[in-house]
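Chemist: Residues per chain are reported as follows:
There are 2 protein chains.
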Amino acid sequence: MASQEIETLASALARLPGLGPRSARRAVLHLVKKRETALPALLDALLSVQDTLEECRICGNVDTQDPCGICSDPRRDAKSICVVEDVADLWALDRAKLFSGTFHVLGGRLSALDGVRPEDLAIPGLLARVEAGVDEVVLAMNATLEGQTTAHYLAERLEDFPVRITQLAHGLPVGGELDYLDEGTLAQALRARRPLG
Amino acid sequence: MASQEIETLASALARLPGLGPRSARRAVLHLVKKRETALPALLDALLSVQDTLEECRICGNVDTQDPCGICSDPRRDAKSICVVEDVADLWALDRAKLFSGTFHVLGGRLSALDGVRPEDLAIPGLLARVEAGVDEVVLAMNATLEGQTTAHYLAERLEDFPVRITQLAHGLPVGGELDYLDEGTLAQALRARRPLG
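Chains as they are written, first to last, in the numbering used here: chain A, 1 to 197; chain B, 1 to 197.
Worth double-checking, as some hints may not be accurate.
What the hints assert, rightly or not - Straight-line distance between alpha carbons at most 16 Å, and here's what the computed EDC-like set of lysine to aspartate or glutamate pairs gives:
| # | chain 1 | residue 1 | chain 2 | residue 2 |
| --- | --- | --- | --- | --- |
| 1 | B | Lys34 | A | Glu55 |
| 2 | B | Lys79 | B | Glu131 |
| 3 | B | Lys34 | A | Glu146 |
Bear in mind the hints are in silico, worked out from the structure with no lab data behind them.
If we strip away everything but chain A, and leave its shape as in the complex, we get (with noise of 0.2 Å):
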């Protein structure tokens, strides 16, 4: 490829999940021979995203707004939170519709083998939004060993206030995670949660 500048966004787009350096090139192409119209637009979409993203200081939504939308949004059930390991689950949870409380993003899950704690996740801003009250806490963790631990260190965290714990119904296939499923398998885990325990 001749100019450093198409060289350097190659790098730059082959950086991204799902592209690698070949595909990068191709997509490079495309942005050049379409560079009166995708190009300005993916310009115009990364350049309107950039200086808005913000962590949302009540559930750690990433969003344009803080509060995100999803918690300043009147018609949420604020005493309804769905606790997530990361923001590609809420963002797959809220994809479906299925869900009309709020969401916390705990950043992470419990694990020994990569040395994350309870200390490193957003629990005690979950503890203090309970504490506050709250009516049910759904732990939306993955379905794997990890998540399933977590949803259980949550729980015991969680038994001495005055609300309802369930979890995701185990329509979920074992060793899944909740950004690759389809809906309906969403819409079936949610419909059929359950008190933990």
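Dock chain B against chain A, hints included.
Modeler: For chain B alone, kept in the frame of chain A given last:
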């Protein structure tokens, strides 16, 4: 996904070849998480490419300068022209660093099916370059029926000029396209190029 800006970014990314809606969302999430590093890097790369991209008036390559880096490189042999269908093919050959001459991008191949006729391709520019004095024209079309038809058409148009006309050796797998080939195959095909006829 919460905000309109993030949705817009996801759909701009989903239009890149190789990224579908789901992988585009994962790419957005990656950019959102790495909004201090990966997002500005991609933005800067796009910005530095956006306004500087030009089509080389000599060969049709797309570069940040006109004439392009290849045409303006004095170490390149301007008396040897490698004719390719597309900018992607030029880049593929150039990456392999096997050809020390210059290129000419046709902008497609003759196709009855797609209604591409000789006047739709950058043939006048090629003829003008050959007329100005060229030792060799390498016809590096794809090894498809349409690519080979185009090669034969060009060979006919060039037969009255005192120029050696060669084509890539059939190391190319039949039906294959240049941009997808490994450099070893490209090298073999270039090294064993033979006179057309």
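Chemist: Compare the structure with each hint and give your call.
Modeler: Hints, one by one, checked against the model:
A hinted pair counts as satisfied when its Cα atoms are at most 16 Å apart, and Lys34 of chain B with Glu55 of chain A qualifies at roughly 12 Å. Our distance criterion of 16 Å between C-alpha atoms is met by Lys79 of chain B and Glu131 of chain B, whose separation comes to about 11 Å. With a CA separation close to 24 Å, the supplied pair Lys34 of chain B and Glu146 of chain A exceeds the 16 Å bound.
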